[in-house]
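Q: Each chain is listed here by its residues.
4 protein chains.
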Amino acid sequence: MKNTFGDNITLTVFGESHGSAIGVVIDGLAPGISIDEEKIAYKLLLRRPSGGISTSRVEADKFKIESGVYEGKTTGTPVTIIIPNENTKSGDYKATENLARPAHADYTAYMKYHGFEDRRGGGHFSGRITAGIVAAGAIFISALENKGIYIGTHMKKCAGVSDRDFSDLTEDVKKLINMRFPVLSGEAGSLMQEKIMQAREEKDSVGGILETAIIGVPAGLGEPYFDSIESKIAHAMFSIGGVKGIEFGKGFALSDMVGSKANDAFRMENGKVITETNNNGGINGGITNGMPILFSLAVKPTPSIFRVQKTVDFVKGEDAEIELKGRHDPCIVHRAKSVADALSAFVIADVLTGRYGTDYLAD
Amino acid sequence: MKNTFGDNITLTVFGESHGSAIGVVIDGLAPGISIDEEKIAYKLLLRRPSGGISTSRVEADKFKIESGVYEGKTTGTPVTIIIPNENTKSGDYKATENLARPAHADYTAYMKYHGFEDRRGGGHFSGRITAGIVAAGAIFISALENKGIYIGTHMKKCAGVSDRDFSDLTEDVKKLINMRFPVLSGEAGSLMQEKIMQAREEKDSVGGILETAIIGVPAGLGEPYFDSIESKIAHAMFSIGGVKGIEFGKGFALSDMVGSKANDAFRMENGKVITETNNNGGINGGITNGMPILFSLAVKPTPSIFRVQKTVDFVKGEDAEIELKGRHDPCIVHRAKSVADALSAFVIADVLTGRYGTDYLAD
Amino acid sequence: MKNTFGDNITLTVFGESHGSAIGVVIDGLAPGISIDEEKIAYKLLLRRPSGGISTSRVEADKFKIESGVYEGKTTGTPVTIIIPNENTKSGDYKATENLARPAHADYTAYMKYHGFEDRRGGGHFSGRITAGIVAAGAIFISALENKGIYIGTHMKKCAGVSDRDFSDLTEDVKKLINMRFPVLSGEAGSLMQEKIMQAREEKDSVGGILETAIIGVPAGLGEPYFDSIESKIAHAMFSIGGVKGIEFGKGFALSDMVGSKANDAFRMENGKVITETNNNGGINGGITNGMPILFSLAVKPTPSIFRVQKTVDFVKGEDAEIELKGRHDPCIVHRAKSVADALSAFVIADVLTGRYGTDYLAD
Amino acid sequence: MKNTFGDNITLTVFGESHGSAIGVVIDGLAPGISIDEEKIAYKLLLRRPSGGISTSRVEADKFKIESGVYEGKTTGTPVTIIIPNENTKSGDYKATENLARPAHADYTAYMKYHGFEDRRGGGHFSGRITAGIVAAGAIFISALENKGIYIGTHMKKCAGVSDRDFSDLTEDVKKLINMRFPVLSGEAGSLMQEKIMQAREEKDSVGGILETAIIGVPAGLGEPYFDSIESKIAHAMFSIGGVKGIEFGKGFALSDMVGSKANDAFRMENGKVITETNNNGGINGGITNGMPILFSLAVKPTPSIFRVQKTVDFVKGEDAEIELKGRHDPCIVHRAKSVADALSAFVIADVLTGRYGTDYLAD
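Protein chains in written order, with my numbering: chain A, 50 to 412; chain B, 50 to 412; chain C, 50 to 412; chain D, 50 to 412.
Mixed in with the good hints there might be a few duds.
Since the list can't tell identical chains apart, any single copy or any two copies may satisfy a pair.
Straight-line C-alpha distance at most 20 Å; calculated PhoX-like pairs for lysine-lysine [unchecked claim]:
id : residue 1 : residue 2
1  : K359      : K310
2  : K252      : K310
3  : K244      : K310
4  : K143      : K122
5  : K310      : K143
Read the hints as simulated data drawn from the structure, not as lab findings.
In isolation and in its complexed conformation, chain A is listed as follows (with noise of 0.2 Å):
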């Protein structure tokens, strides 16, 4: 399917980097779902380059709902938003579009595409088509938020440099969710910062993980076969350009557990099934246990280097050297939060419409 994903709800997505506009529409949201604009505005605010990681002042991406959203409030038809693209001045770019920059999709794009692709500023490939995610992510995270259902993501690691552990989950997720550089610990932070800095410096850039914890998930959500909570999700975060892994709880150190370590005890507290420890991340057989769901997503470098690379000129099949030219983040960790948290959030919805019927998330 494509440029869309869900079952219940969908999320449909479109545009190119320098397209007149890109965008996003969103299908089968219940009818009557608050619209808070100031805090989709605010979303798109946080996914926004800010030159690496200062604190200069950016302006969020100027959006406009062009259907299904009336008074104020979703009419049960798609939700389409659109992002105008501004400063699409291409540049010289014509002399280099055949040369595929090393991690990124050119290639692989001309390939499928055969040279019909867009090329400028990555088309169809732009991190840019991002902020439309983000936007309908805005949507679904204050609907859920009416359940009580809260998505917290913080920087695990990041240039090297380790965030502090999740501690009080709760706390801590209300404290992520809208930090713009999301840590923990803000010694951590500053560490980070600076050693993405160092990397700008040295032409160079840097990756890191994200950690996500949504709080408050009921239990049963989930199919064993083939659309396990950890199957839809897993599917919505590979559409984040730079993640190349995901792991749910302990993930890859569960395979260096023995069982008798790795098997999270039950236990009943307050009248309420919990579990002692969380190695699981609140999924079991593919069906959420009403703990928080923690998943980790591993992402790589930015692509985008200022040093001579080897490549190749696709259209002519010979060898070449590329240099970046422009401004590129060193690092896109944290902005790549921003999508995972509506990912999240969409993945969430989609399975609670399924679950208990298409009227269940209004207000």
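Using the hints, position chains B, C and D against chain A.
A: Relative to the frame of chain A, chains B, C and D by itself:
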């Protein structure tokens, strides 16, 4: 879509551990693909429990192709494979059927199905259901091999012991295809088996990491949003019980690298575009680049262990203890390989069919 | 999606006329729906050929539920029903297997499946495949009846003879549910049977029109684009061999009416909104209005007739003649009723599950 | 899937009559299809209301392609077309907004969307939404014409007046492609227009029957279950407001014929298999046989009439009367043709893409 997966070809699984049969329906296969029943039998044999890692003689599951095959070839209509359940004495399970086995799906299934689920032997959550996937996989694997595409998986790590890395990928992959305990280093394999036996004696279990290589896949397959090859493979793999993480190429290790090390430089070789390293696992921007697809799966330790564990009676809502009886593998990593290979083959077959049309996979 | 249909519940059919079995997988059914195997057997009996319209004793197809039912209720996992094929002597078909029976699918199947199709007895195109749909339908019909929704179909016309119109809809529908030769007027029924017998003697065949009423469906189901209730029902019905037309409410007759006659005036009755006429068949703008859903199906005369017919040998590409042998019903209109009822029930069950959630259809 | 339709190519519609814009997203189109904006404009013009059937000057809807087209050709990524709404003065509608217009979707929308629906001008149910479909259709129609596939639709009947039957199909189809009031007989057309004018004077409305022919479609397209060509076309057509019936080939008339008359005899002609008659409308067993696809649509009279009608206030639950004001076409049959052609082209393009692969429709 629950128990059905795929866009152009679909795979539907059904059955419970102690019902009369389990099975699979494959729809959308090209007409004219040769069916080798012996190969299906062999792949089913590889998946069978073998008394842990022992070499004691086991028999393959019996299966019957009920539809979609005529005179040894697919007809183009749905292929249904039924695998009858044998030895389904349910025994004394009633006494403990309301106790949630830790890290199993008993509690989550109860929250989803309200007690109507068939709990005998894990019901629909039993690893046995994957036999249908493995049988179907044998067909996809054959069809891909006819097109020069091969899939090999080894235990990169098991019980804390590491296998050697891939070296000559073509040779390694072909060696692994039919291995029951798939390791590249015999020495590492022996040590793993020793550790698994030790875990069994300690009434405990172990996990590991599977690494899969798919060679011969053409460039240009996959979608930027939302059906990247990574999304589709990850979606499939999280249907395997025990898988809690996936990474492509260098995956989580990439998050610690700088861009200048992580980026895979392009180069021409014999008129073909290749990359000098393959840190991205053959995928750029969600689309294949013609290099081998590489991914690793984190498999948690078998949740069934023979120690007394703390848990709850989820019907009464009370704390309880559980001590499992019977036979369970202290390690399922090597058996999960069969399912990983089958699902890998399915995803590639599905994408190729979409790209090149419904007849593409015919002999 | 080919052999799978449905959004929230899915129905997958498989099998060939002369293979070992045919069957169906139903996925997405709520857990906790009672399964009445006698009712399934009875519905299968209604679908059986009976020597044209004779009352000679026939036996129901034998069937086996292989999965998804435990202790008499659905578990929430896929329900698979297998119906073994018996008496599949393929006889002398080889001599004529390359001759296209007029108005049958022999030639089109050949063009689609390139000769790999199983042609014995019509293969996957045989009316026999609908037995799986009818068996599944028995489950949906029961579940809907528990919610006060009833489906009745009569032969509005057959062999040129018209049945009486619906009068007291509730009474008529309940009368029709279990009729083998479903007519409201016994006199019309006798005349139809006479005409059918006459067609048989003339080595010819007849068609007719089925009219279905679904009562008790709540208002507000369906979508404006593209999943109107009309779209979903029509999609389902054109899977029945021989159906060449469908109309809702007054259908084609509406095209000759003026708006002031065609429009259904609304009125309150006992606190409920009703319409004074029901020319629109219970659907406005693609969405149910709470009035009975009414639709009619055009069923063409059985294509199997015993006269010499002109045709081609599609392998040789030559003109030819064909004269069918064996037993074929000169009329299948009454048998198509079983499939129409089953698919009607499926569509309504599917839409209700989407609207009210996965547990809605439980007892 | 609601507002998204299609398997290999998808069409997503959005917008409300009095919102800021309506539009469409087309995904899955081959890269390299030429886009002719003038053709899109012309097709939009044909769909426009023209003061009933008058020839008064109308302007085409303005539209903007926001994505998926670069240098005049499709890129292979989603094509989004936005059509801004103009003149959306909502006027005095508040006074009557709770009164259900008979045979319109006001009441059913209220039952579905609970009053959150945008009721101005019919909201998402307005015929205006089909402008997006028509714009998209212009692209599919061009792409098919490049492959030798042509679609023509005439008003077989309108206001009780019959057009002449198809005679030379190729010539007739090409003649119809760009007709605003599509009839084969000029005389019949004049009479229809007279009757429509008369209906307007009587504050009433009329309906009719559209007949569509699709020529040049290869044999072998479609599926026996559940995606017959008939199922897919019917599914699409019931998204057109006012369509209440569809029949393929001779359709309902077939139900009165005997098999020996209804069956289409096969014959070789110039090395190609043809049928002597085409009672089955080019489809056998759900699959195309290479003959022209023929189907007819029953279009009910426009529900908007200017007489006083009985209805209810669905918020108060009271009987009421309604008298519509403003401008409404007394006949929409000729306008529905634009949508029928667009959706026909979409379905064929979708099926061809599935069969022959994602690049098939490129120039």
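Q: Now, for every hint given, state plainly whether the structure supports it.
A: So, going through the hints one by one against the coordinates:
For a Cα distance limit of 20 Å, the shortest separation of K359 from K310 across copies, 12 Å, qualifies, whereas the shortest one inside one copy, 47 Å, does not. For the identical chains of this complex, K252 and K310 are inter-copy neighbours only, at 12 Å across copies versus 44 Å inside a copy, given an alpha-carbon limit of 20 Å. For the homomeric pair K244 and K310, the shortest alpha-carbon distance between copies (16 Å) is at most 20 Å, but the shortest distance inside one copy (36 Å) is not. Within a single copy, K143 and K122 get their C-alpha atoms only as close as 45 Å, which misses the 20 Å cut-off; across copies the closest is 18 Å, which meets it.
With identical chains, the CA atoms of K310 and K143 are never at most 20 Å apart, being 57 Å at best within one copy and 27 Å at best between copies.
Consistency with the previously given hints fails for number 5 only.
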